[in-house]
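Student: In case you want the letters, here they are:
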Amino acid sequence: MRNKLWPHARPYALWILAGVACSAMEAVFELLIPLVMSDIVDVGIANGDQSYILRKGALMIVLAVASLCFGLGAAVTSSVAGMGFGANLRRAEYDHIQTFAFSNIERFSTASLVTRLTNDVHNLQMSLMMSMRLMVRAPVMLVSALFFSIRISYRLSNIFLVALPLLLAVVSFLLVTTGPLFRSLQEKTDALNLVVQENLAGIRVVKSFVRGDHEREKFAERNNDLKDTSLRAFGKVVINMPIMMLIVYGTIIAVMWFGGQMVYAGTLEAGKLITYFTYITQIMMSLMMVSMIFMMLTRTVACAKRVAEVLSETPAITDGGAETGADGLPAEPADGSIDFDHVSFKYNTESSEWILEDVSLHIPSGSTVGILGGTGSGKTSLVSLIPRLYEADRGTVLVGGRPVNTYTMERLRESVSMVLQKNTLFTGTIRENLLWGNPQATEEELWAACRAACADEFLERMPEGLDTDLGQGGVNVSGGQKQRLCIARAILKQPKVLILDDSTSAVDTATDAKIRAAFATELKDATKLIIAQRVTSVQEADLILVMDGGKIVARGTHAELMKTCSIYQEVYQSQQEGGSMDG
Amino acid sequence: MAKHEHGPGPHGPGGGFRKPKNIRGTLGKLMRYLGRYKLHLALVAALLIVSSACTVGGSYLIRPLINDYILPGDFPGLARMLAVMALVYVLGAVCSFGYSRIMVHISQTTVANIRADLFSRMQDLPLKFFDTHTHGELMSRYTNDIETVSEALNNSFGSLISCTLTFTGTILMMLVLSPVLTLVTFATLVVMLLVVKTIGSRSRRYFADQQKALGEVNGYIEEMIEGQKVIKVFNHEGAAREGFRKRNEAYRDAATRAQVFAGMMMPAMGNLNYINYAVTCCVGGLLAIRTGDLGGLAAFLQYSRQVGQPITQISQQVNTLLSAVAGAERIFEIMEAPTETDEGKIRLVRAAEDETGTLTRVHQDTNTWAWLKPDGTLVPLRGDVRFDHVVFGYDEDRTILHDVSLFAKPGQKIAFVGSTGAGKTTITSLINRFYEIQGGTITYDGLDVKDIAKESLRRSLGVVLQDTHLFTGTVADNIRYGRLDATDEEVEAAARLAGADGFIRHLPQGYKTVLSGDGGSLSQGERQLLNIARAACANPPVLILDEATSSIDTRTETLIEKGMDRLMAGRTVFVIAHRLSTVRNAKAIMVLEQGEIIERGDHSDLLSQKGRYYQLYTGLAELA
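Going down the list, the protein sequences come from chains W and S.
In my numbering, each residue's number is its place in the first sequence (first place is 1) plus 171.
In my numbering, each residue's number is its place in the second sequence (first place is 1) plus 282.
The set of hints was computed from the structure by calculation and includes no laboratory data.
C-beta: ideal position from N, C-alpha, C; glycine also.
Some hints here could point you the wrong way.
Footprint (simulated), chain S over chain W, 3 or more residues, beta carbon under 8 Å [stated by the list, open to error]:
#, segment
1, 216-226
2, 231-240
3, 244-254
4, 288-302
5, 386-400
6, 440-454
7, 494-505
Using the sequences provided together with the hints, build the complete structure.
Tutor: So, in structure tokens, the structure goes:
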């Protein structure tokens with residue numbers, strides 16, 4: 172784990188070193204001040220030497236200013252190192268995620284990746300900064316204060332032999348006992364959040380069945396549970412402070428008793444005794460700081476683990492097998508022909524059931540293929556193998572006559588354009604989003620693509636046309652408009668293969684037909700694969716595939732399938748009955 | 283639906299630092315919650331005063347200790363004095379423990395109360411509210427905002443008061459010890475305050491910059507990671523890296539500036555305190571030469587080391603407090619959002635009918651239901667729903683339904699056909715009054731639905747939605763959601779009616795199998811069967827089936843169909859469906875287009891009208 176994170180802090184190694192030195196010096200200078208003070212009392216006041224007092228006073232101010240300078244130095248260096256480390260780490264993690272295959276992304280889930288990039292990295296950069304400031308300071312304080320105390324009076328310092336172990340015992344006891352309490356607190360919090368999440372997701376069900384009170388009861392139960400646990404956990408934490416205070420005060424009283432006798436006996440000077448108090452407070456404060464740092468670090472370790480997990484994830488798909496073409500550049504698909512040769516596939520290697528099982532298929536370049544099938548029949552999985560979003564477990568997928576893994580992903584995906592089922596537009600203008608398809612596209616080409624995708628009709632009605640701002644996630648357009656823009660974006664790539672994964676579900680039937688007609692003219696040479704729920708969307712295709720349970724159960728033209736395939740007939744029939752009205 | 287799974291919003295970690303809009307008002311509302319603990323709070327105040335007095339007073343005891351006992355060598359006196367000192371310290375520690383413990387009690391119960399109120403209030407909010415707020419946004423009220431409030435109540439609140447008390451006490455004691463030295467300290471304090479102010483105001487400005495940059499980088503991360511698959515399909519990784527690099531570096535620079543200034547505060551304050559200590563030492567030393575008050579100097583030095591601490595602490599707590607107030611403000615915003623209006627007085631009751639046809643209210647389970655009017659008269663529930671010139675839009679200025687009139691006779695099956703967005707679901711949402719209509723009236727058995735208590739209205743209507751929602755719990759619990767007092771036998775009977783019994787018995791623990799994650803281990807069809815079983819368990823007189831089978835493949839559909847038919851038998855049913863087989867035997871079929879009913883009638887009526895429905899059906903006739 173350290174090996175994963177350290178390289179990103181390494182550029183700041185000097186800063187870190189300087190910062191650590193600054194914090195240590197700050198602490199040492201701070202501790203010298205009380206020592207000078209004891210001279211003022213024991214020499215200056217005792218002898219009535221005014222100039223001695225003034226000289227020593229000036230020395231103290233010099234020490235304080237020096238300590239201040241080192242403190243400011245520590246502030247600067249720790250900020251630069253902490254924030255710089257955070258930025259490096261975040262960037263490394265983000266860049267690494269860019270190399271992830273779909274399966275890698277799904278393994279972590281999108282939400283978890285976002286947390287690992289935001290909260291976790293944030294926590295790590297703050298931890299580095301704070302530990303540069305405190306983690307050095309506390310031990311240095313502790314050791315130097317102990318050192319100075321022993322120098323002042325070895326005999327008196329025996330008190331620490333009792334006080335320190337006692338304090339350590341109390342601190343570790345509290346750490347050990349509160350740990351499980353806080354873990355259970357986290358569990359109770361999760362349980363409570365689950366109720367809220369399910370309530371939000373199923374709010375229509377809750378309201379339909381008038382179950383508000385039932386939900387309230389459920390919530391109240393978890394809420395009380397959480398309250399009780401947090402009362403116990405925090406109740407334990409508040410013992411911490413008074414007990415530590417008592418130990419510190421106990422030590423002070425002991426020092427007063429034994430020290431007082433030493434002062435009277437003349438073996439200890441009064442000023443030294445006063446300085447001694449200062450060090451006691453300092454030592455105890457450092458110990459408390461150490462215990463706080465430990466609490467902070469347990470959280471940081473969890474974050475570091477989560478970030479390291481992302482960094483050590485191996486991308487499931489790489490360009491390792493890519494070959495060069497005749498021109499010496501990476502190979503490029505010759506045309507839009509697609510072949511599946513005994514292909515089997517599953518998302519989870521441990522699962523016993525195949526998502527696609529022994530699929531063989533040939534699609535000639537330039538043809539239009541429709542794919543029908545129920546949910547979970549494997550339609551999306553089938554087309555996802557073509558741009559190599561996933562890797563087939565058995566068999567070979569070929570595009571343009573060569574296996575997909577002999578192309579670089581970049582070259583392959585330039586030629587294969589896919590409109591995903593769950594598609595996204597990004598913050599920015601419509602133009603910026605369309606340019607994803609082809610950064611060099613001219614105004615004319617942009618509008619041509621929009622016309623083909625039937626997006627021109629609503630774009631013309633927008634006052635700012637292509638320069639309309641979409642807002643985050645494309646909130647300023649409707650579902651159907653979004654789908655049409657996504658299709659336009661895909662067309663702009665002028666791909667050899669165009670895949671539409673149920674991409675017109677929110678578009679009405681007439682527009683859907685118009686878009687398909689445009690494909691025939693605009694993308695004459697491209698192979699077109701259309702996954703659809705509606706028979707009408709695929710009716711005119713050169714080839715229709717009917718999928719069920721991960722297999723192609725029937726293939727042929729509309730006319731052929733109407734004669735031979737009972738599933739196809741069923742689907743067609745059911746959709747004729749009102750389904751065709753369902754835009 | 284997955285919105286609640288989102289990570290931190292664009293404001294991300296530490297994003298709580300937003301200025302509250304109305305501090306006074308929000309504090310007032312918080313005070314109302316704390317007001318329940320008046321006695322507790324009074325005790326806290328008392329304990330705080332005692333513990334602060336002990337802290338401050340304990341240090342003063344150093345003076346007599348040194349002057350009167352140690353220097354003269356009065357050891358029995360020293361022992362007595364130390365005993366007093368120990369007593370003071372123990373008292374202080376006990377009081378400080380006491381007030382922290384009570385504060386934990388107050389803060390945790392208050393936070394639990396706020397949480398409960400928030401959740402309870404949310405149950406009363408109209409659907410429109412949930413349509414316009416994302417799950418992530420609402421979840422962050424429970425996670426982030428309540429957390430900051432809890433933290434502030436737990437720590438900041440008490441420490442703010444104790445700091446103020448200790449500070450005043452320390453200054454007072456310093457004055458008692460030595461007015462001259464106090465003057466020296468005052469001078470340093472003024473410098474300290476100036477430093478806090480200048481560093482503070484610059485730091486706040488840089489902090490705001492940092493939060494803005496953080497928001498941008500987090501927002502970018504969220505958007506890009508959400509759209510990662512699209513990025514891959516379009517080979518857009520390079521541009522995504524570049525866009526990120528810019529924002530990441532901007533954030534790094536802003537954060538470094540902000541943290542440098544924030545980090546300066548501690549050494550600056552600490553060392554200013556030391557300079558104060560040094561000057562005090564000098565001046566005190568010079569004074570002590572004349573007075574010989576060594577103990578006084580020791581005590582004063584102890585105070586001068588303590589006096590700076592409260593200022594540093596207060597300046598740290600202010601930010602926590604401000605973000606807590608901002609969090610509380612967002613919580614109260616939800617609590618103050620207008621709830622569903624429910625002025626209905628008519629209630630649904632069980633009834634029995636005698637031979638003459640007169641209804642009497644009964645309390646045992648009968649299959650007859652009646653509406654109980656406020657005047658005590660009973661109207662039989664028959665399921666007669668009428669829309670009379672209903673106008674409705676989700677936004678006031680965008681009408682979805684224009685002047686819709688329709689009627690469903692009791693026991694009839696009414697079907698809605700039309701394209702998505704034509705208003706089918708809207709109509710069913712209006713029957714159970716999820717939304718308020720803008721014009722016209724909807725009557726149910728001749729009663730305006732507005733006069734029927736919402737709870738009763740919805741209890742009379744069973745709904746099976748397209749999106750299945752299951753709750754964490756056993757299969758039986760999920761079916762029982764329809765009727766909480768259903769016995770195990772009744773639950774199983776409902777499952778059998780829905781045709782779900784078969785697959786449930788094949789689950790590892792049968793009806794006791796625990797479902798989690800919205801029933802993720804079940805297939806879509808099985809989840810839908812549980813949904814139907816849930817409606818069957820509720821046994822409502824009227825049913826609404828909203829595209830209950832549309833996302834299911836043909837095979838599962840046939841399986842569910844039987845369950846549906848059994849469920850529909852003998853009830854008034856509103857069906858939104860794709861398949862004409864379901865629609866064909868409906869008593870009335872409404873063809874909707876753009877919020878208007880363009881055709882209506884039964885199957886044969888519609889055929890003879892030779893309109894849209896006819897076109898569809900003849901297509902089918904040719905097929906068959």
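Student: A separate judgement is required for each hint: does it hold in the structure or not?
Tutor: Structure-based check of each hint:
1. For the segment 216-226 of chain W, the proposed coverage by chain S is satisfied: 5 residues have a C-beta within less than 8 Å of a C-beta in that chain, meeting the threshold of three.
2. Requiring three or more residues with a Cβ within less than 8 Å of a Cβ of chain S, the coverage given for the segment 231-240 of chain W holds, as 7 such residues are present.
3. Only when three residues or more bring their CB closer than 8 Å to a CB of chain S does the claim for the segment 244-254 of chain W stand; here the count is 8, and the claim holds.
4. As drawn, the segment 288-302 of chain W meets chain S at 7 residues by the rule of a beta-carbon pair under 8 Å; at three or more, the given contact holds.
5. As drawn, the segment 386-400 of chain W meets chain S at 8 residues by the rule of a beta-carbon pair under 8 Å; at three or more, the given contact holds.
6. Check on the segment 440-454 of chain W: 6 of its residues sit with their Cβ under 8 Å from a Cβ of chain S, so the three-residue criterion for coverage holds.
7. Coverage of the segment 494-505 of chain W by chain S is violated in this model, with 0 residues showing a Cβ closer than 8 Å to a Cβ of that chain against a need of three.
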